[in-house]
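Enquirer: Listed here are the chains, written in short residue letters.
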Amino acid sequence: MNRIALICAALLAAVFAYVPPVSAALHVDVTQGNIQPMPIAIPDFIGGRQGAQIAGVIRADLDRSGLFRTLDPKSFLDQIKDINTPPQFANWRVINAQGLVTGQAVAQADGRLRADFRLWDVYGESQMLGLEFTATPENWRRIAHMISDKIYERITGEKGYFDTRIVFVSETGPATKRVKRLAVMDEDGANPIFLTNGSYLVLTPRFNPTAQMIAYMSYAGGRPRVYLFDLESGRQEMLGNFPNMTFSPRFSPDGNKVVMTLEKGGNSDIYVMDVRTRGVTRLTSDPAIDTGGSYSPDSSQIAFESDRGGSQQIYVMNADGSNAHRVSFGGGKNGTPVWSPRGDMIAFTKQASGAFHIGVMRPDGSRERIITDGWEDEGPTWAPNGRVLMFTRTERGGRGSQIWSVDVTGRNERRVQSPGSASDPAWSPLIQ
Amino acid sequence: MRFPTDLKLVVAAAIVALVGCTTKPPPATEAPPAGPPPGAGETGPVTESNIIPGSAEDLRVNVGDTVHFEYDRYQLRDEDRNVLQRQAGWLQKYPQVRVTVEGHCDERGTREYNLALGARRANAVKEYLVSLGVSSGRVDTISYGKERPVCTQSSEDCWAQNRRGVTTVTSGAASS
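Chains A and B are the protein sequences, given in the same order. Going by my numbering, the first sequence opens with residue 9, and the numbers climb by one from there. Going by my numbering, the second sequence opens with residue 9, and the numbers climb by one from there.
Keep in mind the hints are simulated off the structure, nothing from the lab. By construction, the Cβ of each residue, glycine as well, lies at the ideal position given by its N, Cα and C atoms. Among the hints, erroneous ones may be present.
Taking beta-carbon pairs under 8 Å as the criterion, some of the chain B residues facing chain A (in silico) [to be verified]: (1) Tyr79; (2) Asn90; (3) Arg94; (4) Glu120; (5) Ser144; (6) Gly145; (7) Gln161; (8) Ser162.
Under the rule of at most 35 Å between Cα atoms (straight-line distance), these lysine-lysine pairs were calculated in the DSBU-like manner [as the list claims (entries may be wrong)]: (9) A:Lys167 <-> A:Lys265; (10) A:Lys89 <-> A:Lys185; (11) A:Lys82 <-> B:Lys101; (12) A:Lys82 <-> A:Lys185; (13) B:Lys101 <-> A:Lys89; (14) A:Lys167 <-> A:Lys272.
A few chain B positions that, by computed beta-carbon distances, are all more than 10 Å from chain A [to be verified]: (15) Leu84; (16) Ala96; (17) Pro103; (18) Thr118; (19) Tyr121; (20) Leu125; (21) Glu135; (22) Ser139; (23) Glu155; (24) Arg156; (25) Pro157; (26) Val158; (27) Ala181.
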């Protein structure tokens, strides 16, 4: 797991030459999705191949967000030779660039890689941002993602989500004997790492708040149970010692607890386990199926799904199990609730008219919106800024699954790059 | 629209008979043998195509290891109770055998809900076997949710085949 530990390699960010903007002319409203993506020019950074690679990753990040349209470098009239000299803004206005990013990559004497960049408002003729990042050279992609995050945040006013990872289930083989392996990759699909060897099924992995621990379900030894995977040590450990199936794990916002489902005599109820003391508290006691627990970001409530009313629907209860009440009334069956990190919405899977869709609604069930239209879309997970979702899309006829992403507005639906078929994505928080 | 279990047994037996043609045709039984075959467990297998009484194959082919469920249901149907009655009789005949009942679902449910539904189905099979006198300690359950379909098309025919409870031998069966 040494490669994963590299993530902890120190990354330094320093503000320099930062000029506060006089106007807020350059701005993208995230809530409007990609109606009109902002044209932005990102020439290759000075610094040879490394500089070109970093700029390439930044361009791909911003294009993928749907909020930006990076301009073709072939259209550029100017070549950036010195990032400390203000650009010729007129030459960038001619090609309709509203934003411009200039940067350089420098190999330092200590062997580390430093990247400086500046974000310019082409029409306002002002610098909006100037930062430098330093890291070991093999972490150059992380530097690029961090720069993308800073650009996104400066222009949209929302935190970025590019310097994040996805834990997911990699799928190979025919549907009747699907091999499923636990895997992690960067948010853009780069650097995939397989954590289990496929000799047993794994399902529904979820990160803890530091992105160092994964809770997931494993059929190792023919006993389906919730496990923890420590990315730093590579250690796997069964969470608790229960006589029957445990499944559907998800961390509490502070990472100290795991809400999960215990099956006993065919009945499934929701429990919460303290990760350190291993103390267990039962939250539901109903002969119905109760599963899919997800904490609100303030930890005061838990959304879950239950068929206690006759069909699978979404409920919300207090974190101690009291006051469980149904919130989904928008028709069809509704399950897999996941509370937005912003707290303002719950994403879920709606099963209606013979298909599965991803939807979002307020935590009280109001303002329901269906945001995808696949054959079988299920299991949403939120970007840490609460603006983008990933989910599993399965094609008809056992042809396998892929991870897709969509803005919470329902726009900008895209397939997420992954090594082969993939399912059950869970988004990490922003990596610290 | 679903495949009747009894018909499946006949087909399975017919396939076994065909396969066995080049060696020694086994009896095309569609019900468990009336009594223990002479010399069972003493002479051992004569040919590979013979089904050893008390073996996992015996349960699968001659008794019937699978029952099916309606969409989003886990209640047993009358025709499937017959299959489970034969299973209970077989388990009483071979008291050293332990089994695991697998609960499976079709793809028309979310992953975690289907894990819970599969557990309900496996447990419904177990409870019925226990009600027929099989010791509870001999029957384990496991849910595979929608993870192990036998039929991969997205059609009602396939979904009906995938909504199933399968009794599999864990230990104690005669080996072939």
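Enquirer: So, for every hint listed, does it hold in this structure?
Expert: Okay, the hints, checked on the actual structure:
no.: 1; hint: Tyr79; verdict: 11 Å, violated
no.: 2; hint: Asn90; verdict: 22 Å, violated
no.: 3; hint: Arg94; verdict: 22 Å, violated
no.: 4; hint: Glu120; verdict: 4 Å, holds
no.: 5; hint: Ser144; verdict: 10 Å, violated
no.: 6; hint: Gly145; verdict: 12 Å, violated
no.: 7; hint: Gln161; verdict: 5 Å, holds
no.: 8; hint: Ser162; verdict: 4 Å, holds
no.: 9; hint: A:Lys167 <-> A:Lys265; verdict: 26 Å, holds
no.: 10; hint: A:Lys89 <-> A:Lys185; verdict: 56 Å, violated
no.: 11; hint: A:Lys82 <-> B:Lys101; verdict: 80 Å, violated
no.: 12; hint: A:Lys82 <-> A:Lys185; verdict: 48 Å, violated
no.: 13; hint: B:Lys101 <-> A:Lys89; verdict: 87 Å, violated
no.: 14; hint: A:Lys167 <-> A:Lys272; verdict: 42 Å, violated
no.: 15; hint: Leu84; verdict: 12 Å, holds
no.: 16; hint: Ala96; verdict: 18 Å, holds
no.: 17; hint: Pro103; verdict: 23 Å, holds
no.: 18; hint: Thr118; verdict: 4 Å, violated
no.: 19; hint: Tyr121; verdict: 5 Å, violated
no.: 20; hint: Leu125; verdict: 7 Å, violated
no.: 21; hint: Glu135; verdict: 8 Å, violated
no.: 22; hint: Ser139; verdict: 14 Å, holds
no.: 23; hint: Glu155; verdict: 6 Å, violated
no.: 24; hint: Arg156; verdict: 7 Å, violated
no.: 25; hint: Pro157; verdict: 6 Å, violated
no.: 26; hint: Val158; verdict: 6 Å, violated
no.: 27; hint: Ala181; verdict: 17 Å, holds
Hints 1, 2, 3, 5, 6, 10, 11, 12, 13, 14, 18, 19, 20, 21, 23, 24, 25 and 26 from the earlier list are contradicted by this structure; the remaining hints agree with it.
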